[in-house]
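Peer 1: Residues per chain, in single letters:
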Amino acid sequence: MCSNRYRNSLNPEPLNPHMPPNPYIPYPVTIDKITVENDARDLRTFRLVFRNPADRAAFDFRIGQFAELSLLGVGEAPIGIASSPLDEDYIEFTVKRYPTGIVSTALHQSEVGRQMGVRGPLGNGYPVERMAGKNIVIISGGFAVTTLRSTIRYLLHPTVRPTVNDITVVYGARSPGELCYKSEFLEWQERDDIDVHLTVDKSEGDWQGREGFVPSVVSEVAPSAENAICLICGPPIMLKFTIPVLREVGFDPEDTYLSFEMRMKCGIGKCGRCNIGDRYVCVHGPVFSLAETTELPREY
Amino acid sequence: MRTKSLSRDDVQALADALMRRHRVMAPVLQDGVYRFEWLRDDTTLALPPGGIPKVSMKSALLPRTEVLFYYKLGKNTEATAQPPAPAAQVLFGVHPCDVQAIKVLDAVFSAEPYPDAPYLARREVTTVIGLGLPRDRTPQTAFFERLGIGSMDSRDCDLFLADLNNGRFVLEILTDKGEALADAIDSLPDASEDDLARLAELRSDASAHVTADIDIADLKERLSKLFEADMWQEVAERCIACGACSYLCPTCHCFDIQDENHGNVGCRVRNWDTCQFDLFTKHASGHNPRTNQQQRARQRIMHKYEYGYANFGIPFCTGCGRCVLSCPMHSDIRNVLEQIQEQPEP
Amino acid sequence: MSDPTWEPKILAFLCNWCSYAGADLAGVSRIQYPPNIRVVRVPCSGRVNPMFILRALQQGLDGVLVSGCHPGDCHYLTGNYFARRRFLVLKRLLEFCGIEEGRVQFSWVSASEGQKFADVVTEVTEKVRELGPATRMVKKTWKLPPEVEAQLRGAADAD
Amino acid sequence: MPTEQVNLNEIARRLLADGTVDVVIGYTTGSQPLVAVPAFVRDPQDADTLVFNRFCEQNLVNYLHRFKAKRVAVVVKGCDERSVIGLIQEKQLDRQKLVLIGAPCAGIVDPRLVPEDATEEETLGDDVMYAGCAACAVRNPRFADYLIGAPVPQPEAPEFSDTTAELEDVESDERWRYFSREMRKCILCFACRNVCPACYCNVCFTESSQPKWMSKTDDESDAMFFHLTRLLHLTGRCTGCGACARACPVNVDLRTYNDRLRKDVKDVFEFEAGLDPEARAPMTCFRDNDKNEFIK
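Protein chains in written order, with numbering that gives the first Met the number 0: chain A, 0 to 299; chain B, 0 to 345; chain C, 0 to 158; chain D, 0 to 295.
By construction, these hints were calculated from the structure, which means they are not laboratory data. Careful: at least some of the hints might be erroneous.
What the hints assert, rightly or not - In silico DSS-like links for lysine-lysine, alpha-carbon gap of 25 Å or less:
#	chain 1	residue 1	chain 2	residue 2
1	C	8	C	142
2	C	8	C	126
3	D	211	C	139
4	D	211	B	281
5	D	90	D	69
6	D	211	C	142
7	B	224	A	239
8	D	69	D	96
9	C	90	D	211
10	B	219	B	102
11	B	74	C	139
12	C	90	D	290
13	C	142	D	184
14	C	126	D	290
15	A	201	A	239
16	D	295	C	126
17	C	115	C	126
18	A	239	B	281
19	D	90	D	67
20	D	265	C	90
21	A	181	A	32
22	D	184	C	139
23	C	8	C	115
24	C	90	D	262
25	D	211	C	8
26	D	295	C	8
27	D	290	C	115
28	A	32	B	74
29	C	8	B	74
30	C	126	C	90
31	C	90	D	295
32	D	295	C	115
Note that this is a predicted model, so its numbers are computed, not measured.
Make the full structure from the sequences, and use the hints.
Peer 2: Pasting the structure below:
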């Protein structure tokens, strides 16, 4: 359970003193920078800056948490936080535009300087406290890499890197044009304190890197399960084939963590729609250990 | 505990007195349907014979549409403002099973880590006046006694109005919130001896019939193994996936959040929603974890009898029977409960 | 009249091939007509979905005019014939429900009838002015309470 | 040749046993007193659970959309049969795969008029009948393959609801007060849409989020938007079976507005839904001399 109570600068004095702040009012933010992440141009990273600087401190989040991006007059959408908790003066979200997605479409049509809102941080996030002294294996596919990029940036921070052993990353996409945060990943490939394996389902253009599906790359890299925690996030098809590989390699379901995506509205465990079995993905998740997911009914 | 005696006209007079300083929501009869409505000068109080109006008092605590905040939009700018604080309100004539339903809403909306401020603000200024009835006036569709609730049960009420079935009523003042309404109550005579005796007699008769034979813990255990059972196919076969049962149910609290625009001003509201509609769980990508009616019918039952108990320790059903009464296809949740009991132990 | 400065707001769906051209002709010929209509250009009067009209009434517009080609002139041959049937049922239903007669009006104006366009718009505007501001079926959810109005008055457009 | 008169349970068992149909959709007694509920019989032995009495108020044709691929027998009253004719005209049903078990009906009970504490049928007066049944012109199904009872007398009946006539004579303010009062009751639960055989769009305009045609707030104008749009979508298709009015949990008077719509369609387009399988639906055709005087 994430510890930080929801605090909000917009209504420092709630309706009456002992009332909690209204959890539906977003923090006011401004779009500071927009970068297109893939050739199809339907993935953009939005860098948001808090209009009230104090809110950034109030918005202290953990890796793997998400927030509701709010465009007034349009609606809200739950998106994983892509920047690291230690990136002080901004937060970043990578949003995929869906034709039927009202908020994602409106976001992709916005320009730098547009004011919007962020509500959160929400969800439980990855188990940071269990990572000390462990090997970390990060496996991701497609644009589900957002919260894992936040994790990698966080782990590589000089104050955090010493606390964990080696880090192994396997990240795959359909084609080189679809790889997110390409410059960062190429930079990380050069570093010696992290072992990055990029792959694409189908190579094209001047791509020299690996070609193959994530599950086959994972079985090839075969990261040791010894004293290790695995974070995996990607499309269902990738999970379906990668989880058996992890089990072969010896990963304990207790140490493998997945992040789920469900339709959400309130994000705070009240509106009743994001449940898998008796677990609300927004409050009890979105991160669940593989052991927990086996108890959950197949309804996601 | 102070008690008062009232005649039938005193009850109407009490409601009018309360209206002077509070918004009062009470049962009224309109076109053959008993509904909880905000009393106005031209509406008259009408306590239903069975004590359970078809449209519940849920909209007083979780309105069908509630403004979360207002906003004004500029070219690239936006500004927000909070709605005014809710006015003091009185829920008049709430049957014990509905009072327990309010407790379900309280549990969900005050749960940490994100207590729901709009709901709690409204709940705090709400005074609940319970309505107790003799046991034999329980509607056929209601089954609250099987869930441990008696028809004269005054738990969790600020005031309790007991109908003695002889044209007389006894009003019990139970909490400080109840005392706060003293100005409307003090003019009433104190309860007479035989009224109190009759009340005690009716109350013991009512509580004697509380069977509480639906064992929620057992039901939760059974349901947790019935996810893949094919009983849901039969439960959902007649169901037409409308929202009647969820919207009339006093414990159903699922809501949708939408923006309502008009030029450059607008408000973000939350509206009632139901797991029976397709949009409830449909992702922007088009993926929908629940595509057919079996899954939705199962979700409603599971949320009420398993998930509610698993997360909050209380069932999300108080046996008011409104879903049985309002279903166009006359589906009966009591049959579903029996089917669950009959399922073979895996 | 409650507010003498009130000017009716009327939404006009003009079919691109006839009425819109008629309006254009009226302008080119310097024919004066009331400025109360807000024009929405549609390919054909048949394109006007009754939901457009209902939403207009909901958003508080005082009148709606739908104008298309005369039967037989339709660029798409049959658009206005289907529209005519649809509008007849819509008009009778709205009036049965209590929306004042004259809130929603229809006309055929061809590309050469600049003067007729001006006359139609004048007639519609006068009728709507006579009916007064729209109150029926106007949505009130976004009506700002006074204290919120004050709070938001300076906001948004200030920065 | 008059259609064959049979016993309901007999015919259901026969149809299922010789494999003519995969499922028989009919009614069975409900779990509450004085109530009948839809039943889906697939096994010949269960054929005896089928009943037909004056509590069979649901329009079963609504379920046929779910059994498109299967061969189905369905119990239809006169009004339900009009829905079948309408859906066949709209190419939604294949007559070859359908077996219509016609049920002559002298009028059904409106569940909303049955007092909550009534348990015996005798205690019911005759004022619990659905008002529309008094105006029914098709008490005996005409295109059914079988009839499960002797034809009932067909009294001369007023066509439409009298509230419709009353509202036509009053001022528009009064009409608006009535319409507003009815729409304020609506809680947008969509039971009326979901029981209606003519409402079968895959994605209803109420479920569309891009564009968002309609919002579901408690403002009466949203309920009006929904009911007016649905009525317009039912032009020349609503048969007046009354399933929506009976399904409404809060007693919104839909019958008055349905009858007004059907009256308009009859006056202006000389058309009544579901009576003549060969007739063209009014909104799919037009005439040169259609009414034009309301257009400037």
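Peer 1: Would you mind marking each hint as holding or not holding in the structure?
Peer 2: For each hint, the structure was consulted:
| no. | hint | in the structure |
| --- | --- | --- |
| 1 | C:8 to C:142 | holds, 18 Å |
| 2 | C:8 to C:126 | holds, 12 Å |
| 3 | D:211 to C:139 | holds, 18 Å |
| 4 | D:211 to B:281 | holds, 15 Å |
| 5 | D:90 to D:69 | holds, 16 Å |
| 6 | D:211 to C:142 | holds, 20 Å |
| 7 | B:224 to A:239 | holds, 24 Å |
| 8 | D:69 to D:96 | holds, 7 Å |
| 9 | C:90 to D:211 | holds, 24 Å |
| 10 | B:219 to B:102 | holds, 19 Å |
| 11 | B:74 to C:139 | holds, 24 Å |
| 12 | C:90 to D:290 | holds, 12 Å |
| 13 | C:142 to D:184 | holds, 21 Å |
| 14 | C:126 to D:290 | holds, 22 Å |
| 15 | A:201 to A:239 | holds, 20 Å |
| 16 | D:295 to C:126 | holds, 13 Å |
| 17 | C:115 to C:126 | holds, 16 Å |
| 18 | A:239 to B:281 | holds, 22 Å |
| 19 | D:90 to D:67 | holds, 11 Å |
| 20 | D:265 to C:90 | holds, 16 Å |
| 21 | A:181 to A:32 | holds, 17 Å |
| 22 | D:184 to C:139 | holds, 17 Å |
| 23 | C:8 to C:115 | holds, 20 Å |
| 24 | C:90 to D:262 | holds, 14 Å |
| 25 | D:211 to C:8 | holds, 23 Å |
| 26 | D:295 to C:8 | holds, 20 Å |
| 27 | D:290 to C:115 | holds, 21 Å |
| 28 | A:32 to B:74 | holds, 18 Å |
| 29 | C:8 to B:74 | holds, 23 Å |
| 30 | C:126 to C:90 | holds, 16 Å |
| 31 | C:90 to D:295 | holds, 13 Å |
| 32 | D:295 to C:115 | holds, 10 Å |
Hint compliance for this structure: every hint is met.
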